[in-house]
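2 protein chains.
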Amino acid sequence: MLLSTHRLSRLRPGLWSCLFAALAGLALDPAAAAGLSPRETILAQARPAEWQTLDPRQLLYMQLPAGEVIIALAPAVSPLHVANIQTLVHQRYFDGLAIVRVQDNFVAQWDDPEADDGGDPHKTHPLGAAKTRIAPEFTRAIAGDDHWTSLPDGDLFAPTVGFLDGFPAARDPLTGREWLVHCYGMVGVGRDVAPDSGNGSALYAVIGQPPRRLDHNLAVVGRVISGIEYLSSLPRGTGPMGFYPQAGQRTPIRSIRLGSELPAAQQGIWQQLRTDSPSFARLLDDQRYHRSDFYPQPPGRVELCGAELPVRHLQLHATSVTEPSSP
Amino acid sequence: MLLSTHRLSRLRPGLWSCLFAALAGLALDPAAAAGLSPRETILAQARPAEWQTLDPRQLLYMQLPAGEVIIALAPAVSPLHVANIQTLVHQRYFDGLAIVRVQDNFVAQWDDPEADDGGDPHKTHPLGAAKTRIAPEFTRAIAGDDHWTSLPDGDLFAPTVGFLDGFPAARDPLTGREWLVHCYGMVGVGRDVAPDSGNGSALYAVIGQPPRRLDHNLAVVGRVISGIEYLSSLPRGTGPMGFYPQAGQRTPIRSIRLGSELPAAQQGIWQQLRTDSPSFARLLDDQRYHRSDFYPQPPGRVELCGAELPVRHLQLHATSVTEPSSP
Chain A
1 MLLSTHRLSR LRPGLWSCLF AALAGLALDP AAAAGLSPRE TILAQARPAE
51 WQTLDPRQLL YMQLPAGEVI IALAPAVSPL HVANIQTLVH QRYFDGLAIV
101 RVQDNFVAQW DDPEADDGGD PHKTHPLGAA KTRIAPEFTR AIAGDDHWTS
151 LPDGDLFAPT VGFLDGFPAA RDPLTGREWL VHCYGMVGVG RDVAPDSGNG
201 SALYAVIGQP PRRLDHNLAV VGRVISGIEY LSSLPRGTGP MGFYPQAGQR
251 TPIRSIRLGS ELPAAQQGIW QQLRTDSPSF ARLLDDQRYH RSDFYPQPPG
301 RVELCGAELP VRHLQLHATS VTEPSSP
Chain B
1 MLLSTHRLSR LRPGLWSCLF AALAGLALDP AAAAGLSPRE TILAQARPAE
51 WQTLDPRQLL YMQLPAGEVI IALAPAVSPL HVANIQTLVH QRYFDGLAIV
101 RVQDNFVAQW DDPEADDGGD PHKTHPLGAA KTRIAPEFTR AIAGDDHWTS
151 LPDGDLFAPT VGFLDGFPAA RDPLTGREWL VHCYGMVGVG RDVAPDSGNG
201 SALYAVIGQP PRRLDHNLAV VGRVISGIEY LSSLPRGTGP MGFYPQAGQR
251 TPIRSIRLGS ELPAAQQGIW QQLRTDSPSF ARLLDDQRYH RSDFYPQPPG
301 RVELCGAELP VRHLQLHATS VTEPSSP
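Residue numbers (full-length UniProt numbering), protein chains in the order written: chain A, 1 to 327; chain B, 1 to 327.
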């Protein structure tokens, strides 16, 4: 909320919950009485089955000096690119690379700095078993509705929008194609002019307003689900397009690992609220219609890139070994 | 462009200009032959009269340790709030305050840290002659078309969108109201729940995807025209809503001055491309339709918050005093 919180903190939680309950028409339940917002209530009350566990083989853990960035990979539209990225990670290709470019209100991009310095690409960091060129995977044929949740609010750029395997996506029934959308935090494959020149060795994350002109022009391969701030808060590069003029200005990448390469006990379990769940639908309605004292005029719609995609992290805790009962 | 620039740098500028010229149907003119993009060509060829000089009295210069943030004030919809901010600046209210909150994909906010620490608001930094409460100015009655440039591409949230005095704006002909829109870099007035509690002593800038739910719920008073990166790249606050838990984490504000308070020779002249100019219209078409080798499928539309609002800075140079001709 855009307010001086010294005032907010003086309001009693009970008063807030009554206001929300009255305005939203919710029954006054324990969660609301505990001072939770409607959003927090919906998430707290979501059933376990409404949370989709993310496959560790489709999770990238990128270690930067300031912290960890976790990316959920999306193989649906660009499976060959995702597979190539997994191969590169296996080969430790990204270890020792750097964030080479941070352009304000656009992207943070990482790849082989030597390549951008005009050196021989992939000389110090060879691609090994990974492919150098991959046929473009900017869109795919619409693959049915099993993995699709429609968002009926409309969109300025695509005839139909919604969620594909939980990722923001769009469809054009006229062309019969669908693709992932460049919302905030989405990760795509950097390439040269040649459409098959992107192989996953250069990746970028959106750190500003969604650059929709990139849609169906580049392969989108995932979404940052944790730690986006470690990319979005980096100093902006002062060179053209936000590249850093000097090597010393680049943030180094310590490592990128797949979740399946990390000890299970260390990484825990990541889950995302299923977009086909009743709780997700309630969350959308909350974003569309919730009228509060602070926001008396709700927007009435939710735009694709503004729809919250909640994730949660479950940490595994060791349970004590029970003592055998005495004989 | 999302590409490994080592490849880009090898393409000859002449080849690029030919490609752009051919694809965009431009005559091969000196600007294009110089390797300029259509966008750069449009800006280079804009006539002087198409550039609107910004009034120094409506420019805020905010000095942060890392650099200078310049905000163009927009008095059209919220004149009392803008006037109050100017009063506060005159009184040096903001000098010594701090960035108290940076929430990822949302806002950077600055005000009196003592207020957020639970202390007496405005005790150390009294408001002086400035008003404590101002009647809400979230929208105004549609004031005709003299200062309005329509954007016909449509919008998900408002019936009509366009530019009001060069600021992104929206209108609802049914209610007869218009308001400024929370695009990236727009600056608004923080307030408490009471609609008249915002007085300009707490301000925020949008540093993520446009939070359209804030529209017509808060007063929007300007746009960052330079230095947004000094706000968007700040570390995110780890407290609730992005507030910084510890005082030492806040970025201090050294000073805020009006342009009219600064020496003219020092600040130069800031200009913005007039939204009712032919060059601005050409720029919009370039964003909608320009087909390039890299972006083979242009979006076909430009969204309000994606429309570029070009500004330029003209530095005043001292001219040498001519020697009197010898007698």
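Quick caveat, the hints were computed from the structure, so don't treat them as lab data. It cannot be assumed that every hint is accurate.
Copies of the same chain look alike in the list, so a pair counts if it fits in one copy or across any two.
Claimed, not checked - Dumping the calculated SDA-like pairs for lysine to any residue here, alpha-carbon to alpha-carbon at most 25 Å: (1) Lys131 - Asp286; (2) Lys131 - Asp196; (3) Lys131 - Pro79; (4) Lys131 - Pro235; (5) Lys131 - Arg171.
Now the hints, each set against the structure:
1. For the homomeric pair Lys131 and Asp286, neither the shortest alpha-carbon distance inside one copy (45 Å) nor that between copies (35 Å) is at most 25 Å.
2. Proximity of Lys131 to Asp196 under the C-alpha cut-off of 25 Å is restricted to the intra-copy arrangement: shortest distance 11 Å within a copy versus 60 Å between copies.
3. Taking CA atoms no more than 25 Å apart as the test, Lys131 paired with Pro79 passes inside one copy only; the shortest distance there is 13 Å, against 59 Å between copies.
4. Proximity of Lys131 to Pro235 under the C-alpha cut-off of 25 Å is found in neither arrangement, the shortest distances being 32 Å within a copy and 37 Å between copies.
5. Proximity of Lys131 and Arg171 under a CA criterion of 25 Å is satisfied in neither setting, with 28 Å inside one chain copy and 51 Å between copies.
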